[in-house]
Structure formats: C-alpha cells, structure tokens
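Engineer: If you want the building blocks of each chain, they are given just below.
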Amino acid sequence: MLTIANLTKQFGRNTAVDAVSFTVNKPGMIGIIGRSGAGKSTLLRMLNRLTDASEGRIEFEGRDVTALAGKAKRAWQSDCAMIFQQFNLVPRMDVVSNVLHGTLNRRSVMTTMFNLYPQADIHRAIDILDRLGIAEHAPKRAEALSGGQQQRVAIARALMQEPKVVLADEPIASLDPMNAQLVMEDLRRIHEEDGRTVIANLHTLDTARRYCERVIGMREGRIVFDGTPQQLTTGVARDIYGADASFSEDSTSTSFESLDRETREALYEAEATV
Amino acid sequence: MADAPADVPRTTDDVRRDYMAMTQRRRLYSGLILVIFVALMVSGFRIADARNAGGFWDGWHNVLDFPAQVWGEAAEKIQELPANLVTFLPALIETVNIAAASTLVGTLLAIVISLLATRGLARWPRLIPVFRRIMDIMRAIPEIVIALILIFVMGGGPVPAMIAIAFHTVGALGKLFSEVNENASLQPVEGLQSVGASWSQRMLLGVMPQVAPNYLSYTLLRFEINVRASAILGFVGAGGIGYELRNTMSWGQGQFDEAAAIFLLLFLTIILFDQLSSHFRERLTKGAAL
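Chains as they are written, first to last, in our numbering: chain G, 8 to 281; chain D, -16 to 273.
None of these hints come from the bench; they were simulated from the model.
We put the CB at the ideal spot given by N, CA and C, even for glycine.
Treat each hint with caution, since some may be false.
What the hints assert, rightly or not - With a straight-line Cα cutoff of 20 Å, these simulated EDC-like cross-link-like pairs (lysine to aspartate or glutamate) come out:
1. K171(G) x E143(G)
2. K60(D) x D48(D)
3. K33(G) x D201(G)
4. K60(D) x D(-4)(D)
5. K147(G) x D(-3)(D)
6. K147(G) x D119(D)
7. K171(G) x E150(G)
8. K33(G) x E199(G)
9. K147(G) x D48(D)
Unchecked claim - Only some residues are given here: those of chain D computed to face chain G with a beta carbon under 10 Å:
10. T(-6)
11. V(-2)
12. Y2
13. M5
14. R9
15. R10
16. G14
17. L17
18. K158
19. Q176
20. S177
21. E207
The task is simple: from the sequences and hints, build the whole structure.
Structural biologist: Rendered as structure tokens:
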C-alpha cells in the first residue's frame, strides 16, 4: 500500500532523514518514536509533501508521491491528512469553518471566498464534531477553545478530508495528560472504526506501546527499530533514545500516575528552575 | 448560571440549525457588501466620467500616445542617452539629497511624537490626544501646499522642499510608529522602571530594540516615497530633477529624449533604494542583536 524507499532529506550539510525505507501493507496504527531531532517530523512532512525529499521514493497505491506536482500534489495532500503539534488552525475563524477547510481541495477560490460550502458538507462537519464530542463549540472561534479541543478540531478537519492516511506530528506534545489521552483515543478510533492508516510521531514510549500496533524507532535520521510493541524491550528503547543503563521507561512518560514520588519531586524542581 | 444555560444547544440537530442560520446571515451580509461595492464603483466612475472635460470613453485610446512619442523621440536619439544621463545626474543627487535630509529629520521627530502618542508609553498620558491631533494635521496638509507657502516666503530652492517633506513625514511615520509601539511588550519597560530609569532611558533601552526593525522598514519605504515627492516639488520651483523634468516634458519641444533619460534615472534610483532597504531589513530582523 505505502512503500517508502531510501528516503533522504538533507539540510545543507545536515542529514535529517537518512535512507529510510519501510512498507505498510495494510491499514495500521503506526507510532514513530525517537528523541527530538531524530528526523521524525521531517519524515512526516515529506510524506505530506510539505517538504521535498532530497532523494528516495514514496509510493502509495501505485502513485509515485515524490514526483507529484501542482494539482496532483494537492490532490495527494487532500488524501493524506496532517495533524500538527500546535494544531495549525485559523484562530479567528469559527470551528465549523476550520473543519470545512478539509474540503478546500475540491472547492474553487470563489466558493470559499463567499463561504458557499454546500449544506451537506456543513452538516457532515457538524456530525464529525459531534463524533469527537465538541459539537456544542461549533459556532465559536477556534482560538476560544482549549488546546485539547483545538486538537480535536484539527482531527475533525483531517477527517473532513476523507483521507486514506492520517499523519500526526507530535499530536499530544502540547497537551495535558487528560487531553492527550482523549486525542490518542480519537486517533485510535479513526484507525479502528474507519480503517484508515494512522502514522503518529510520538516522543514517549508508553503512548506508542499503548495505542500502536507497530512501532518504528528513529535515531539520527535512521530507522533503528521496526516491530511490535512487545518486541520493544528496555534495551531496544535505550538504543533508540541513546541512553545509558540508568534509563528507565518512566523518564519518557507523560502520564502523571506512572511517575514515582521521587521523580515527581525532581520534575517540580526542574520546572521551578526553568 | 448554576444549572445548564438554556442557550447551549443540546442535540446535533440544534447545532446544525443554529449554524445554518448563522451561515445564511453571513452570506446575506457578504452579498449585500458585494452589491454596495459594485454600486459604489459604478456610480463613482460615472460621476468622475461626467465631470471629466474630455470623457473617459472618448479619450482612453489616446492613453498610449504620450509614452509612444517619448519612446519614439528617445529611440531616435539613443546615442545621446549617456550624455543626457550625465547631464541630469547632479539634479538627481539634489533631489535624493532633499529626500534623505527630510526623511532623517522627519523620522527623528516622528519617533519622539509617536512615543508621546502611544498609550502605555506616553510621558504625559493626558496629552496623547493632543499629539495625535498634531500628527493628523501634519498628515492632512499636502506637501505641495507647505512648499508653495515656504517658497513664497523664503524664495525657491531645496530648503523649503526639505521642510515641507519633513513636516509631512513626521505625521505619516508618527502614526505608523505609534502602531508599532502599541505592539511592543511593556515588560522590559517595567523592568527598567524598577531600577529607576528615566522616561528617555526606558524608551531608548526598553522600547527601541523591540521596534527598530519595523521602524527601519517603514522609514525606508517613506524614503522611497520622499524621493518621488521631492521630484514632484521640483515642478513648483523647489529645484532638483523635477524642475528639469517639467522643462523637458512640455509638448513639441523635441526634448523627450531628455525626459526619457530623467524617467530612467528616477526608475534606477527607486530600484537601488528598494534593494538597499530589503538588504538592511533582512540584516536587522535576522542578523545580530541591536
């Protein structure tokens, strides 16, 4: 279905993504883990064609994604939704309009300028918001919502695209643990109920373990692990994060309960000094 | 508001209905605005056309006659172009000089008056409306009026032009600067206030580093506008390249080759300063700390 071969991205002399290859044969929920700067974001941005690859190939259902240009490229972007860490909504527009932006690839400039979306689209947008539990916020401006709610609006926009693939670039990194859980559950539902492929960059191990059926570990632009969560042992995790023996999984965790008392106090102290 | 507020829609159908109503209202408004816009355009054009001595529809196909004649004469005497360029260079330098001096003086005054007219920064908060009105007046009077009065009083020459343009620049830049100032963070200013700094010190060290890139960008744009303004003031006897342009541009004197040389010089000047300004803006916004 999705084949990535030898994908490389260079920024000047730096190689952000170094000859990455993997294949996705059936719709799945895939988590990509690694330290910040490991090339996870660049990889997803190349998949969506926000960033052009330096070398290599992306192929999706026979389409050579890396070679697309103009209209064909925008059509691919419509098939391949992206969710961002900072939500990337239009803050001053209402929630439903933001969700309707998911249909922009099918609409002309004139229809969007005069806000002439078909009624069926508007109803569908509200239904999607309802499915994600935020329908009552429909007429509000996006900026009036909390971070977790905004991220769910972004997911609604992605669903409005009717995408084949959903990419999520650190979707929960700026959310509190409660909202992080809600957003991850929504992504999981998109995969389970709609059968779409979800590829999510996650910087914490436990989230990847809990929600993904396949985990890819990246380090310094290369894939160093590709397997099931069960195969992801502490030793492998140490290798991915480049940590020594003192590394424990708790240190990458975002869920508050899993931290022991000592770590929690250390965290408070660290926050106080920042 | 202890129990659930009544205005929050409960079901998806309610949300749908309310949102559709809101969309319909918005579409109505945009439709009305479009109609008003078209009506204004059409009526405005018709009034302008009716008051015009010649009439737009009778005259519009003559639009290209003047450029064609300039082009024709200039092409005929192309070999004289380098000599013409050299001849008018001193006049151009005078024009650029007027623009530079007036931009410099105008900008310095604009910085002071804009700080005095910004809420949160002003030295005398109660006088903010006074300084705003002063800027409004400075913007409202056209440069050419001030220049004509000054030329009448002081006689022709570059100094009246310089004063006239500087006067207008204070008003125009002061307004833009004060909008930039409003977006400046007050935290550094408060920090400096807490150590006992004076108002001038607070502005100089707390506000200036934040606003300098935007100031520079507006100032350089103003400089371009002022080059053009000082060329126009030459028409009324303020010297510089405008004076030469008026002489060469009159019909039927066979001097259009010289007019073409002057247009070329002005064009090159604008390109030069546009390139310079983007270069410095880049350095100031991305480069080293000020």
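Engineer: Of the hints given before, which are not true for this structure?
Structural biologist: Per hint list: 1, 4, 6, 7, 9, 18, 19, 20 and 21 violated.
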